[in-house]
Structures are given as structure tokens and as C-alpha cells.
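Sequences listed follow chains A and B, in order. Residues in the first sequence are numbered consecutively from 1, following the UniProt record's numbering. Residues in the second sequence are numbered consecutively from 1, following the UniProt record's numbering.
These aren't lab readings, by the way, just hints derived from the structure by calculation. All residues carry an ideal CB built from backbone N, CA and C; glycine is no exception. Incorrect hints may appear among the rest.
Unchecked claim - Among the chain A residues that face chain B by a calculated CB cut under 10 Å, a handful are:
#1 D76
#2 Q80
#3 T113
#4 R136
#5 D243
#6 P247
#7 R260
#8 P290
#9 K292
#10 G388
#11 Y399
To be verified - Some but not every residue of chain A turned toward chain B, in silico, with C-beta under 8 Å:
#12 R109
#13 K167
#14 D196
#15 A248
#16 E249
#17 S286
Below are the chains, spelled out letter by letter.
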Amino acid sequence: MKRALTTVLAVSALLAAGCGGGGSSNTATGDANGRGPIAFATLKDGTGTVPKLVETWNAAHPDETVRIVDLPEGADGQRQQLIQQAQTQSDSYDVITIDLPWTAEFAARRWVTELPKDQFDVDGYFAAPVKGSEYRDKLYAIPHFTGAGMLYYRKDLLDKAGVAVPKTWAELKEACAKVLALPEAAGASCYAGQFDKYEGLAINFAEAVGSAGGEVTDQAGNPKLNTPEAKAGLDLLVNSFHDGTIPAEAITYKEEEGRRAFQQGKLIFHRNWAYIYALMNASDGSSQVPGKFGVTVLPGVNGPGVSMLGGNNLAVSAFSKKQATARDFIKYLTSAETQRTHAKGSAYPMTRPVIYQDPELQAQYPYLQVLEQAINTARPRPELVRYGDASSVIQEQVYAALSGQTSTEQALATMQQKLTEIAQGT
Amino acid sequence: MNTTARAGRTAALLLSPTFLVLALVVGYPLLAALRESLHRSGDELDESGFIVSGDRFVGLDNYADAVGAARFWTAFANTTVFTLVTVAIEVVLGTAMAVVMHRAMRGRGLVRASILVPWAIPTAVSGLLWRWIFQADGVANTLLGTDLLWTSDGWPAKIAVIVADSWKTAPFVGLLVLAGLQLIPNDVYEAARLDGASAWQQFRRVTLPLVKPALLVAVLFRLLDALRMFDLPFVLVGPQKGAVETLSMLAWNEANQVRYGPAAAYSVILFLYVVVIAFVFVKLLGADLLGERRARRRSEVSA
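Hey, can you work out the whole structure from these sequences and the hints?
Here it is as C-alpha cells:
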């Protein structure tokens, strides 16, 4: 009986292994000129603006209708879903939404198709997001939303203390010294960005280095961390933690924790994206600072600082059988006209400068001109196929330096060495 | 052909669908993971910058790399510590909960339901809940009068994970132990009371030995479950934090960077670790339990 059982088990295991092995050799390929109904995988739009824009498209293109597929919330879930679809070479998504720093990786893995530059109005977008959508000088995605870090400040307290809006780190610290002496600012801290161990930390570090006149990597991903500017950037963050300019608990801050601290009146200055403006201005009692804050560009060492670019791109899946429709839909969704309608319905920062000149939208979003200035000077993240690994290295070392486990020199040296390996390895 | 052989063949035939399903859902993924762990792919670029596709056989390189990395041993230690500590706490708490739930008293239904609530909440949700409790200006710091940064990368994060996990899964142990308690006939206690046993003696000498089989099953389930802990530290503290990174998180991290070979190697190592622990556990404590059951069944049949 035992032998019979073993035989059954072995045979079924072999059968199973045989069946499974066959599937992977089947290579699906997309059709570059196909047309028809397509699926658009994107992040859920809480304002319902994107579904409306899609309806408009569908009314005009009854044979090439677009169906929205929601991707999981959060970058990790979104990434996992897209990778699974690509690994199985599934044609269930035609247009996909990817994070800006994934462009190089998705292009190098041939998961997204090259987009002919002459078919897309590349000069109509901000230069930096378009640069960030290229891999080896070829275009693989179109910037849908963009974003840059800005400095939020407590206008009421600055006015009361009689200090001007700071442009440099030194001015920011001076302003804090005066503001924190006010009784209204009791218990508050000077500044915070995002310093938890995640992508946001890599961005805040790159901005600190950029604001000190250096850069973490060049556009090809080769590290430049053995420079005095890089040291000045990291020292700035580490020393700010030490002297209490940045509160100790900011090491647990992501975007939302920082926003909560600022809108509870615990921070004088705060680095964050544009999306928090409307939330902090809410007059329903959720925020304690509506109408009491202003926004400006990030500070630097000698003059305005540098922001890193955020944002989402639209790309055509390499496995799509209707790529011509997919390209047309991307053109429609990122056209100046659509972006204007889009901007009226939701606060996502658009990718065309012309939107930022619109007086109506400037009235709707008071931060629009500051944001334009920030995007104009922002840097895309490096064009690295192994961007995720590079970001992990940066997070690991900067986090250790901020929490005092390693010296800034040691952290920078380790990063320089590991990032060189990553840049050369791919 | 004698009757036993025929019965054996019929049994094999009747069981074969089960084995086929097992082979499909357990056997095949296991073999596929083993195969994957011996390969690597997608770590080279061709001249025009595209990733060279296709798997490359690398033998045991993925295992060697894994075992050679300090990060692996940190994760291994975390997994072990979390498993031992949380299971120990959960057994004590769970048994206590079971004893309370077992009591015939007013509002017993309410007590039972409320004890089970933590277990019914999805882990990711309880992770968020506890992150909110453990945030810098959260309830934990206010109650304790501390200003620890529970969700940063350090020893408080370990404690946060242990507390949250114990809170969540002690009710599970409690439930299984309760089932065991309900099988104990009341007259055993009556006899013990007649003999003048104190409450503590009754618990030590009557309840514990009789509830042991159920308790051991609960502990085994919890051991296996805790060894593959992933979602709670991931949501509560976050990925890539050495203080709470477990082997499953390491495997996820590799897979997320599209390195399935190393990810499979980590998974296989974890699988082997789980097998060893389960085997040792069953040998040391559970063999007795299985033997007892079999003996009992045999005596029931013959009676």
C-alpha cells in the first residue's frame, strides 16, 4: 500500500511539474499598430476627474473605448501588480501608470515600448519630467503628473516675529530662533521633512545634497558622494537632528506624519508635496492652521535649494495588442486641453507649464507659481535600472547617519562604493 | 491477491485525487521554488541597455550569497526571537483567556466574543492600528510617560511587534485551548475537590495534563505561523528595518526587485527551517500526543 501511494504521489508530481513548465515558453508579443478597446491601469482617483475625462474620450471614440483598471494603493502594491502582469506577459493592461524612477527599469526589461518623440509634443512639458521619462536618450513614457517638494511655513508666526521668509538654511534657523521665542510657538519644533526609512528619505537626502550645491548621482547614476558638497548636505541633516532644529521624532515621519505635525502646530517649517495644501487649508476643524501658512521653494546653502522630482508617467505596455490606440489615448490624456480640465477637478500637479500660467487655476491653487518654480529647478531621479537597490543603499546609510549609528564620512564612503557597484553592474 | 492488498489498492485509488491536488498545490510550487533558487536572471545589460533575458543556472550561489550576508543572519535571528517570545507569551495569555472563557458566568458570550475580536481583525489592519498607537505622539508613549520612537529602527520596534502579535494571536491559542477544556468532564474536578485539591492544584494536576493535547496543537500551529511572520512588522514598522526584518520580508524584498532566484533561495531556507522546527517539536513533544491518540482510537475500536 505504501508503495502504491508513493507511485501515485510521484506520478502526479511529475505531471504537475510537466504541465507547469510548458507555460513559460509561450511568448506573447504586442502589436505596435493595433487598435481597439483598451484597458488603462492607473491609481484610484478620489476626485473622480479621470473617469470623467475617460468618458469624454469614449464618447468620441466608440470603437476604441477605454476601461479604467484600479491599481493597488501605495507604490509597493502598484509595482508588484505591474511586475506580475509583465512577468506573465499579459495583455490585460494597455496603458500603465508607473512611478517616475521605474522608467529605466521597465524600459530595460522591455516591459514598456519606446514612444516616438516626433509623435508626442515633448516640448510642451516641463523639461525635467520628460528627461526622467527617457532611458538611453529614448522616450519610454509621458509625464502625467509631476511634483516637487516645497517649503511650507507658518506665515502667522513669521509675521508676528517680524522675520522674512527664509531662502537659505541659515536664514531658516535664524527665523526659527525668533519664532520659537513667541508664546504662540510653545512646544513647536523648527523643521521636518520625511526621514523614515523609505523612498522619501532618499529624496530628502538628495535635496539636502542638491541644496548644498552637490548631487547624489549624475544622470547616468554614477555617485558623486565623495565631494565636500555631499558632506555638507548630509551634515546639515545630521546636525539639525542633533541641535533639535529637526525634532527627534521626525525619524518616523513619512508625508502624512509630517503633515499631521505641521497642521497640529508642532512645526514652523515643513517640506512636503503640493497635495497637503488643500488638506491643511481645510476649515472643517481637521487642521489648526487653515489660512495661517504660506509656501515657498526649498532653502539652500546660498540661495534657493533644489527639489527632487516626483510624479507618475503613462507608458504603453509592451504586451498590449492595441498600442496605436494606447498611444493616442496618452496623447489625449496629457494634452494641454485635457490637463486644464483635469487641473480644475483635482489638485494633482500637471506636467505642462502652460497650465501654471492660467489665471483661473492660479486663483484656485495659490501655490501654483511656487510649484512651477520648484519644478523648473527640480532634478529627475537617476536613470538607473537598479534604482530600487540604489535607493535602498541610500536609505540604509542615511538612516544610520541620522540615528547616530555611523559617522557622515563613513556613510558617504559606503554609499559611494555601493552605488558605484550598482551603476557599473548594470 | 489477498484482501489487505486489494484494500490497499482501493485506498490508493480513492486517495489519488487528494494526492493529485496536494501535488499540484504543494508539490509543484515547492519543486518550482527549488528550481528557481538555483537560477538567476536579469542582472546583465546588453549593449543597447536592455536586460538580457533568460535564466542562468548558478548552482548554490544564491544560497551562498544569502548565508554570507549579515542581513540574512539578522533576519534569521529576528524570526527566531519573534517566534519564541510571541509563542511563549501567547501560550500563557491564551490559556488564561481560555480559562476565563470556560467559566460559567453571566455575560460569557460577550466575554468570548470580545476576546476573539483581535484575532478576527486582518493583520494588516491591526498593523495600522498599532502603528497609530505606537506613533511618536501616540497612546503608548502617553500611557507609559515615555517618548520612545517605537516605529524607528531599534529595539523598541521589536517590542512593538511582539506586543502587537501577542495581542492579535493569543485569542487563537485561547480558542483551541478552550475547545480542549470543554472536553474535560466535570466529574474529574468533582473527584479532585473531594480529595481536597486546591484551585491551583486542580489547574496543575487536572486541567493542564488533560488540555495538553489541544495546547500542543495550538503551539505547533503558532510556531509555524510565527516563523513566516511578514505583514505585521511590514505594516507596523516598515520594510528594510533591521530590527524587525524577518526571513519572509527578505524574500519579499528580493522578489520586489525582480530577483526571483535569491528570493526563492530565502523561501527555501525558511521552508527548511519550518520543517526542522516542526519535526523537532513533534518528536520532542508531539510524538507522544499522536501515539496516545492512536492508542486511544485502537482501544475504542477493540472495545
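Cross-check of the supplied hints:
no., hint, in the structure
1, D76, "7 Å, holds"
2, Q80, "7 Å, holds"
3, T113, "12 Å, violated"
4, R136, "5 Å, holds"
5, D243, "18 Å, violated"
6, P247, "8 Å, holds"
7, R260, "9 Å, holds"
8, P290, "21 Å, violated"
9, K292, "20 Å, violated"
10, G388, "5 Å, holds"
11, Y399, "7 Å, holds"
12, R109, "5 Å, holds"
13, K167, "30 Å, violated"
14, D196, "7 Å, holds"
15, A248, "7 Å, holds"
16, E249, "3 Å, holds"
17, S286, "16 Å, violated"
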